[in-house]
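J.: What follows is each chain in one-letter form.
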Amino acid sequence: MDESDISFFKDGLRLDGRRADQLRPIKIEVGVLARADGSCYIEMGGNKVIAAVYGPREVHPRHLQEITRAIVRYRYNMASFSVEERKRPGPDRRSHELSKVSREALEPVILTSFFPRSVIDVFVEVLQADAGTRTAGINAAAVALADAGIPMKSMISSCAAGKVEDTIVLDPMKEEDNFGQADLPIAMTPNGDITLMQMDGNLTPDEFHGAVEMAMKGARDIYELQRKALVDKYSKMVEKTGQEEVHACD
Amino acid sequence: MDRKVVVPGDLLSEDAKRSGEGTYVRNGSVYSLLYGLANFRDKINVIPLAGKYVPGPGDNVIGVVKDITFSNWIVDINSPYDGLLHISEFPKRIESDEMSKHLRIGSSIMTRVTDVDPTMKVELTLNDRKLGQIKAGQVIEISHTRVPRLIGKGGSMISMLKKEVNCNIFVGQNGRIWINGGAEDMDLALKTITLIEKEAHTNGLTDRVVDFLKMEKGARS
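In the order they appear, the protein sequences are chains A and B.
Residue numbering for the first sequence is 1 to 250, as defined by the numbering used here.
Residue numbering for the second sequence is 1 to 221, as defined by the numbering used here.
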């Protein structure tokens, strides 16, 4: 499709009614899987992603084991029904790459030296994709890791910025990602250390700095939501026992 | 007591000397390593809400024999790392070809960690009167993060429980608990431990457990 065919802005707002520097609505749920050691379900706009963490546990196959630290395995997988045209199931070039960069985005904050000779497995399943699944996956994985009680120096939050019609926009959705001029996902710690940065498309140096700045602000907002989801899970636990207490007194 | 829910990376204090368990120091400030409850005393400790048991020297644990090698029993201790019980750590002198006569695959044992080396080789012993094979009673499993609460400050909770329910109880640091006593007493002990596990993160738990026991006993008589 020719780029000039579509307009990304209407009355200064984007196709889905957002401002240029606005995130899509986000919903985070912690501990959604009973069998996993830690888990998280996240919705970021049209993205629906579930993350499960197992471990630290014994490494299989044995030869992958490291004597001094835990290894981290991250599997990013898209469900065959997650996109409009059925995706052929199984790992492919793209999901391999995303698994690798996502793992490297999370590994710097995990204290792997606490668990020598073990593995921390992270599984990220994309149930519905709408541009920015890697950022959603990383956000979910970070929460799931915390939920699994794995020691980390900090959380990791991830967000993308893009360029459409020569304007920098935060958290591009499907249309902007497909027909836009650039996409720049980042992942970072709340104090601003960047652990992942990718880019496709073209940006001038000025645009690049603007986009990084915007994505970092988005990531900080997401961090607050991640934090809130974890804290809320705890207060829900307290409430539940509180109710039982009343019941027990009857 | 001053307690707060924290997530990894939360700033806890500007005084590096207050760094306790579950925290780390960066640039002279104390941050949380874990998602859990921060206890603000002299030292700040963060107690995790979840996580795997990592063995340490001196821990009493309950394990299940899962394999026998030439001179070691390999013991599952509910952890990413297996325990090794060497033949010489058995209370009696036995021959290597008779190992399976004393402890078979599937046998449960109350044991103690003697040493953990940097590669996480975990050595166990049975050389203590309190330790040995489990032949009666039952073993239940709770999250190991709740064990400190079950034991209580200086063992207050567990000694109260032992007395009140009239059972033998052995608490493994790995979250496995052995109970032995009369059928009804064991049932009550089980109920109480479940209550403690579920409400481990709340205040004033010991008092509540005492009330709970009183009520349960009242219902019985």
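Honestly, the hints are just simulated from the structure, not real lab data.
Hints are supplied without guarantee of correctness; some may be wrong.
Only some residues are given here: those of chain A computed to face chain B with a beta carbon under 10 Å [stated by the list, open to error]: (1) 48; (2) 61; (3) 64; (4) 115; (5) 147; (6) 148.
Chain B stretches covered by chain A per the calculated footprint, using a threshold of three residues with CB under 8 Å from any CB of chain A [what the hints assert, rightly or not]: (7) 42 to 55; (8) 116 to 129; (9) 178 to 192.
Note that the Cβ used here is the ideal one computed from N, Cα and C, for glycine as well.
J.: Which hints, by number, does the structure contradict?
T.: 1, 2, 3, 9
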